[in-house]
Amino acid sequence: MDRRVIRGLRPPIVRAERLRAERDAQALLAAAQDEARRAVEHAEAEARTIVARAEADAARLLADARATVERERARLLEASVEDVLRLGLELARRLTRRALAEDARAYRAMAESLVAEARIEGPGWLRVPPGVALTLEGFETVEDAELAPGDVVVETEGARLDGRLDERLAAMGRALTTPKTS
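Quick note on the numbering used here: the sequence shown kicks off at 3 and runs consecutively.
Derived by calculation from the structure, the hints in this document are not laboratory data.
Predicted, not measured: the structure shown is a model, and the values here were computed from it.
Where a beta carbon is used, it is the ideal one built from N, C-alpha and C, also for glycine.
Possibly wrong hints are sitting among the right ones.
[To be verified] 25 Å max Cα-Cα, derived DMTMM-like pairs, lysine to aspartate or glutamate:
| hint | residue 1 | residue 2 |
| --- | --- | --- |
| 1 | Lys182 | Glu84 |
| 2 | Lys182 | Asp85 |
| 3 | Lys182 | Glu169 |
| 4 | Lys182 | Glu92 |
| 5 | Lys182 | Asp105 |
| 6 | Lys182 | Asp168 |
| 7 | Lys182 | Glu74 |
| 8 | Lys182 | Glu72 |
| 9 | Lys182 | Glu80 |
[Claimed, not checked] Label-pair ranges, simulated between beta-carbon atoms:
| hint | residue 1 | residue 2 | range |
| --- | --- | --- | --- |
| 10 | Val86 | Ala60 | 32 to 40 Å |
| 11 | Leu78 | Arg39 | 53 to 61 Å |
| 12 | Ala118 | Asp66 | 50 to 58 Å |
| 13 | Val86 | Lys182 | 14 to 22 Å |
| 14 | Ala60 | Arg39 | 36 to 44 Å |
| 15 | Arg176 | Arg50 | 57 to 65 Å |
| 16 | Val71 | Leu178 | 58 to 66 Å |
| 17 | Glu92 | Ala58 | 45 to 53 Å |
| 18 | Ala135 | Glu84 | 14 to 22 Å |
| 19 | Ala60 | Arg96 | 48 to 56 Å |
| 20 | Asp146 | Leu89 | 45 to 53 Å |
| 21 | Thr179 | Arg100 | 35 to 43 Å |
| 22 | Ala58 | Glu119 | 57 to 65 Å |
Kindly generate the complete structure, drawing on both the sequences and the hints.
Structure representation (structure tokens):
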């Protein structure tokens with residue numbers, strides 16, 4: 003038995019099948035690559051959306067945090083204003099009383115300023131605490147045991163000006179805490 007192999011017929015069929023298989027494989031590969039590209043593009047788009055939402059959420063949270071901090075700062079500032087004002091007025095009271103006790107000229111300048119501000123002219127009376135030697139033209143000095151160092155009350159026939167230090171400082175405090183109107 004002679005076995006002869008015909009070689010010319012098989013290779014073209016195998017080659018054609020192989021070419022077809024390669025084309026099919028390339029088509030499958032191209033389809034898979036397209037699908038992968040679309041999946042990556044979709045994932046990137048979703049990632050951009052997620053990042054944008056996260057950035058918007060972060061910006062909103064940051065704005066909320068800033069607003070909360072600002073409200074708290076304003077609340078603390080408002081709460082401390084009264085304390086600072088009270089301490090400042092107490093310091094002014096002590097320093098003014100000490101300065102007026104040590105310097106008769108300062109006491110006189112304060113009384114003159116009070117009279118000038120109120121546009122009061124004598125004759126009248128200057129009520130001062132005991133031991134204060136104060137003279138002002140047109141005014142008689144009267145010691146008043148109810149007055150504390152730094153106080154002066156100016157009286158005329160038609161007017162009475164309360165220049166007690168505590169009253170002046172209280173008025174100053176009210177002026178500092180009264181809201182300004184435009």
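Hints and how they fare:
1. Lys182 <-> Glu84: The given pair, whose Cα atoms are some 17 Å apart, holds under the 25 Å limit.
2. Lys182 <-> Asp85: The hint holds at about 20 Å.
3. Lys182 <-> Glu169: Within the cut-off at roughly 21 Å; holds.
4. Lys182 <-> Glu92: holds, 24 Å
5. Lys182 <-> Asp105: violated, 36 Å
6. Lys182 <-> Asp168: holds, 23 Å
7. Lys182 <-> Glu74: At roughly 23 Å apart (the allowed maximum being 25 Å), Glu74 and Lys182 satisfy the hint.
8. Lys182 <-> Glu72: holds, 22 Å
9. Lys182 <-> Glu80: holds, 15 Å
10. Val86 <-> Ala60: 32 to 40 Å: Between Val86 and Ala60, where Cβ atoms are some 37 Å apart, the hint holds.
11. Leu78 <-> Arg39: 53 to 61 Å: holds, 57 Å
12. Ala118 <-> Asp66: 50 to 58 Å: holds, 55 Å
13. Val86 <-> Lys182: 14 to 22 Å: Since the Cβ atoms of Val86 and Lys182 sit about 18 Å apart, the hinted range of 14 to 22 Å holds.
14. Ala60 <-> Arg39: 36 to 44 Å: Violated - the Cβ-Cβ distance for Ala60 and Arg39, about 31 Å, lies outside 36 to 44 Å.
15. Arg176 <-> Arg50: 57 to 65 Å: Check passed, 59 Å falls within 57 to 65 Å.
16. Val71 <-> Leu178: 58 to 66 Å: violated, 26 Å
17. Glu92 <-> Ala58: 45 to 53 Å: Taking Cβ atoms as reference, Glu92 and Ala58 lie about 51 Å apart, which means the hint holds.
18. Ala135 <-> Glu84: 14 to 22 Å: violated, 38 Å
19. Ala60 <-> Arg96: 48 to 56 Å: holds, 52 Å
20. Asp146 <-> Leu89: 45 to 53 Å: violated, 29 Å
21. Thr179 <-> Arg100: 35 to 43 Å: violated, 25 Å
22. Ala58 <-> Glu119: 57 to 65 Å: For Glu119 against Ala58, whose Cβ atoms are near 60 Å apart, the range 57 to 65 Å holds.
Checked against the numbered hints given earlier, the structure breaks hints 5, 14, 16, 18, 20 and 21 and satisfies all the rest.
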